[in-house]
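Engineer: Assemble the complex: chain Y is given as a structure, and chain H must be docked to it using the hints.
Number of protein chains: 2
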Amino acid sequence: MSTRVLLTGASGFIGSAVLKVLSKDPEIEVHAVGRSKPNKLPTGTAWTSLDLMSFSDVRDFVSALRPSHLLHSAWIATHGDYWSSPNNLDWVGASLNLLRAFQSGKGQRILIVGTSAEYDWSRPLSDENNTPICPKGLYGVSKNALREILASYCLQTEMSWAWARLFCVYGPGEPPEKLLPKYVNRLLNNESVAFSGGHELRDFLHVTDAGSALAAVLKSPLSGPVNIASGQAVSIRQFVREIAEQIGRSNNLVFENDTSRAPGELSSVVPCVSKLRNGTGWLPNWNLTEGIATACHSLLNARNI
Amino acid sequence: MSTRVLLTGASGFIGSAVLKVLSKDPEIEVHAVGRSKPNKLPTGTAWTSLDLMSFSDVRDFVSALRPSHLLHSAWIATHGDYWSSPNNLDWVGASLNLLRAFQSGKGQRILIVGTSAEYDWSRPLSDENNTPICPKGLYGVSKNALREILASYCLQTEMSWAWARLFCVYGPGEPPEKLLPKYVNRLLNNESVAFSGGHELRDFLHVTDAGSALAAVLKSPLSGPVNIASGQAVSIRQFVREIAEQIGRSNNLVFENDTSRAPGELSSVVPCVSKLRNGTGWLPNWNLTEGIATACHSLLNARNI
Numbered sequence: 001m002s003t004r005v006l007l008t009g010a011s012g013f014i015g016s017a018v019l020k021v022l023s024k025d026p027e028i029e030v031h032a033v034g035r036s037k038p039n040k041l042p043t044g045t046a047w048t049s050l051d052l053m054s055f056s057d058v059r060d061f062v063s064a065l066r067p068s069h070l071l072h073s074a075w076i077a078t079h080g081d082y083w084s085s086p087n088n089l090d091w092v093g094a095s096l097n098l099l100r101a102f103q104s105g106k107g108q109r110i111l112i113v114g115t116s117a118e119y120d121w122s123r124p125l126s127d128e129n130n131t132p133i134c135p136k137g138l139y140g141v142s143k144n145a146l147r148e149i150l151a152s153y154c155l156q157t158e159m160s161w162a163w164a165r166l167f168c169v170y171g172p173g174e175p176p177e178k179l180l181p182k183y184v185n186r187l188l189n190n191e192s193v194a195f196s197g198g199h200e201l202r203d204f205l206h207v208t209d210a211g212s213a214l215a216a217v218l219k220s221p222l223s224g225p226v227n228i229a230s231g232q233a234v235s236i237r238q239f240v241r242e243i244a245e246q247i248g249r250s251n252n253l254v255f256e257n258d259t260s261r262a263p264g265e266l267s268s269v270v271p272c273v274s275k276l277r278n279g280t281g282w283l284p285n286w287n288l289t290e291g292i293a294t295a296c297h298s299l300l301n302a303r304n305i
Numbered sequence: 001m002s003t004r005v006l007l008t009g010a011s012g013f014i015g016s017a018v019l020k021v022l023s024k025d026p027e028i029e030v031h032a033v034g035r036s037k038p039n040k041l042p043t044g045t046a047w048t049s050l051d052l053m054s055f056s057d058v059r060d061f062v063s064a065l066r067p068s069h070l071l072h073s074a075w076i077a078t079h080g081d082y083w084s085s086p087n088n089l090d091w092v093g094a095s096l097n098l099l100r101a102f103q104s105g106k107g108q109r110i111l112i113v114g115t116s117a118e119y120d121w122s123r124p125l126s127d128e129n130n131t132p133i134c135p136k137g138l139y140g141v142s143k144n145a146l147r148e149i150l151a152s153y154c155l156q157t158e159m160s161w162a163w164a165r166l167f168c169v170y171g172p173g174e175p176p177e178k179l180l181p182k183y184v185n186r187l188l189n190n191e192s193v194a195f196s197g198g199h200e201l202r203d204f205l206h207v208t209d210a211g212s213a214l215a216a217v218l219k220s221p222l223s224g225p226v227n228i229a230s231g232q233a234v235s236i237r238q239f240v241r242e243i244a245e246q247i248g249r250s251n252n253l254v255f256e257n258d259t260s261r262a263p264g265e266l267s268s269v270v271p272c273v274s275k276l277r278n279g280t281g282w283l284p285n286w287n288l289t290e291g292i293a294t295a296c297h298s299l300l301n302a303r304n305i
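Heads up: the sequence lines are chains Y and H, in that order. Following the numbering used here, the numbering of the first sequence begins with 1 at its first residue and continues without gaps. Following the numbering used here, the numbering of the second sequence begins with 1 at its first residue and continues without gaps.
One chain only, chain Y, in its complex shape (with noise of 0.2 angstroms):
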């Protein structure tokens, strides 16, 4: 039996990383599904412009497709407001439809992206199968729900399925407004940078890293949720320090003698990545160096064109 991926959100950040990986896999046969094209696509790659908001668009497609692997990335992801916009309600309702039409059509195995915000993240570690489920802001409690529905209709429809949590996903092709770029920008704009606060632990995954891990998850046979992450927790303060180190703006960059943390801010959220490398053996390929090193060159490049 062949293995033929449907992968949605697949012009994303994570979901173009997940492409160049499965596109490169001779075992499968991935289609890309996005609202637009990209204008630059893995070579070969079978790609449609698809609406998932479009219900009975998808059922048509997914029946005429009927591929026995779902990778689901899509999701509103949109920088400061995917937390609290009501279109968390819309992306619950379009994954839930094409669940059924991927059901429908026979499907065997399903992924979808899933968050560290389902997390309790006052607990020192996250971890899948010990840590309480705490689901913040109407994205995290939107993915949750639908993650609950997933695991009830697997159950009674027999076919299998993971759930991978993302943490900290950075790399080239990332919003503006995240950390990384925020501060490549600033610094290289000759802003003195005052940084306060950022003890606490992150773990840092590169995009890359992100798109095989994904796909190792996919291939392999885990069930239910899966930790995505690098298993390398640095602080934040660590991790900008090595952003300003990279590009020669270490002087531009004051950190503050704070401990304390600022209100709202988080503890520090380390997750357990047993789970993910016992049952995939995947490792991640890029330190965090190397990572932070592609990251800037490639906005570097960007500010130069």
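Where hints are given, some of them may not hold.
As the list makes no split between identical chains, a pair holds if one copy fits it or if it spans any two.
[Stated by the list, open to error] Result set (SDA-like, lysine to any residue): computed pairs, CA atoms no more than 20 angstroms apart in a straight line: (1) Lys37 x Ile236; (2) Lys106 x Ser85; (3) Lys136 x Met159; (4) Lys20 x Ser267; (5) Lys136 x Glu148; (6) Lys37 x Ser267; (7) Lys40 x Glu245; (8) Lys136 x Thr157; (9) Lys20 x Ala244; (10) Lys106 x Asn87; (11) Lys178 x Ala302; (12) Lys20 x Ser274; (13) Lys219 x Leu253; (14) Lys136 x Gln156; (15) Lys275 x Leu188.
No wet-lab data here; the hints were simulated from the structure.
Structural biologist: Leaving out everything else, chain H in the frame of chain Y:
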């Protein structure tokens, strides 16, 4: 500000009972919708045939009506099928579409019909504040997921919301496969019926009382989940005995002397009704004897036509 209620599922078992109550309330202007118009409607009811699966029709209708209140009782309710039907996924999507339309039209208060199947039934009492959630079946999971999204959505939109958890509702108009009509019909057919098990407690609520309780919660400021129940738990055995007595067929009913539960049979499910009573002052109108009498009367009439 007038109270303009949009009532969905208005031709259903529960919805039509609510409609009767709301249509008599001088402070309320009720707009009933359902897929097809029922033969009998309370005098002066404003009815619109509307398929909630037609998302754009729903948005157009709600945007023109601009109701202040939403009582959403529509859902798949086919006996024996609703528990695991994939249509549950469609109903989540349709409900989310309805919520967004209602909010866009400046709606203020939402009451949605939930289910006792959201509770962990292994607990002696189902209490809104203290009993853990453990939704069962694709039905229970889907309703519960909708509730989680509703709570988060209302938090940021400042709409008020309540969630009516129904337990065992019986009475005229219930599907023939349910406990009361099933036993009435078997006993009236002069079958000798052996009844085993049924020692567990249930809270049976007459459908007319369910209608008045839902209307009371809608008009109240109660927030979050609210159990809708009589407050009088009886054993299933006692309920069936009452049925047999009322139709004069006690001799046809043989209670087997077993004390153990059949595998898969539920333990007692006893709802706490303090929140409902303290928050609305509502009390049931019917005791079990009177309630069963009206239900049996209606079934006897139907057989004699």
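Engineer: All hints, please: hold or fail.
Structural biologist: Hints, verified against the model:
1. Lys37 x Ile236: neither (35 angstroms within a copy, 60 angstroms between copies)
2. Lys106 x Ser85: between (33 angstroms within a copy, 17 angstroms between copies)
3. Lys136 x Met159: between (28 angstroms within a copy, 19 angstroms between copies)
4. Lys20 x Ser267: neither (34 angstroms within a copy, 53 angstroms between copies)
5. Lys136 x Glu148: both (15 angstroms within a copy, 11 angstroms between copies)
6. Lys37 x Ser267: For Lys37 and Ser267, the Cα distance exceeds 20 angstroms both inside one copy (39 angstroms) and across copies (55 angstroms).
7. Lys40 x Glu245: neither (31 angstroms within a copy, 77 angstroms between copies)
8. Lys136 x Thr157: between (29 angstroms within a copy, 16 angstroms between copies)
9. Lys20 x Ala244: Result: close neither inside a copy nor across copies, 29 angstroms intra and 69 angstroms inter.
10. Lys106 x Asn87: between (29 angstroms within a copy, 17 angstroms between copies)
11. Lys178 x Ala302: within (16 angstroms within a copy, 67 angstroms between copies)
12. Lys20 x Ser274: Neither. Shortest intra-copy (25 angstroms) and inter-copy (58 angstroms) distances fail the 20 angstroms Cα cut-off.
13. Lys219 x Leu253: Neither way: Lys219 and Leu253 sit 43 angstroms apart in one copy and 57 angstroms across, limit 20 angstroms.
14. Lys136 x Gln156: between (28 angstroms within a copy, 12 angstroms between copies)
15. Lys275 x Leu188: neither (40 angstroms within a copy, 59 angstroms between copies)
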